[in-house]
Amino acid sequence: MRTPRHLPAALVALLTLAAATACADGGPRGTLPGHGSAGTWFVQSLTTGGKTLTAPPVAQVHLPPSASEQATGNYGCNGFTAQVAYESPGAITVKPGSTTAMACENTEFETAFAKLFTGRLTVDRQANALTLKTADGSTIVLSAEPPAPDAPLTTTAWTVTSLAGGQGAASVPAGAAGKAVFTIAADGSASGSLGCNRFSAKAAVDGHTLSFGPLTSTRMACEGPVGELERKLTGLFAASPLTWSVRGGSLTLTAPDGTGLTATAGSAAE
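If you use mature numbering (1 follows the signal peptide of the UniProt record, and there is no 0), the sequence shown corresponds to residues -24 to -1, 1 to 246, in order.
Hint data in this document are derived by calculation from the structure and do not stem from the laboratory. Here the structure is a predicted model, which is why all the values come from computation and not from measurement. Be aware that one or more of the hints could be misleading.
[What the hints assert, rightly or not] What follows is a list of derived Cβ distance ranges for each label pair:
| hint | residue 1 | residue 2 | range |
| --- | --- | --- | --- |
| 1 | P33 | R174 | 18 to 24 Å |
| 2 | A79 | T107 | 28 to 34 Å |
| 3 | K27 | T57 | 26 to 32 Å |
| 4 | P33 | V181 | 17 to 23 Å |
| 5 | G141 | A79 | 34 to 40 Å |
Idealized CB from N, CA, C, for every residue including glycine.
Please work from the sequences and hints to get the whole structure.
Structure (structure tokens):
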């Protein structure tokens, strides 16, 4: 390294040391703008206290490329701002700013999101997914892809993929996957397959409750996995009214006793 004649020797030595340090770790130390996390992220779910909360479609956060700009977002109903500092490639620190004050239905999710999205969060970036983790292990799962629009409850062919009971949700019995499909028509008639026999019934939607009338079905003898699935679905539909919710292409039906099902959307019924 050439020593400029007009610089003191002590300053030249300091500059030489700084250059050597920068070369040793591949470049100068400092905060990389956004460190790959900047952009608009759509919240998928929160997990805290052993409970997972599914995000409303509007829940999102826009992380700025640098700390000179504010982060903005939506807790699920109310909008918010925050200051975000990129501490290192694997962490950010969030300081909440302002928020709107609308009365909201889903206060549980709003409260949890606001509580988690503050302080130091570790960052795990995987392709189009981002996971933020708090010191106590709670997580915010985000996606770069906007949520799919909710499929309509009626006129959609729903394929049952899992059943819920006292021990939690589980996939349909092996050998019965894709066998149970049902559709609720716009005129209130329901039809489909329970896994083995075909059925029809009257259905009534009242807000977020769904009730099935008595089922009329074919009379084939059904054993094994399809028979087990059919018995559970018959019991579930008879436990009306069921609470229903649709997120994207997923339908959840839940009976008063906690049993239920999850189904995925297929093509709209003709």
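Now the hints, each set against the structure:
1. P33 <-> R174: 18 to 24 Å: violated, 34 Å
2. A79 <-> T107: 28 to 34 Å: Since the Cβ atoms of A79 and T107 sit about 31 Å apart, the hinted range of 28 to 34 Å holds.
3. K27 <-> T57: 26 to 32 Å: At 27 Å between Cβs, range holds.
4. P33 <-> V181: 17 to 23 Å: Hint holds: Cβ distance 20 Å, inside 17 to 23 Å.
5. G141 <-> A79: 34 to 40 Å: The hint (34 to 40 Å, Cβ to Cβ) holds, given that G141 and A79 are roughly 35 Å apart.
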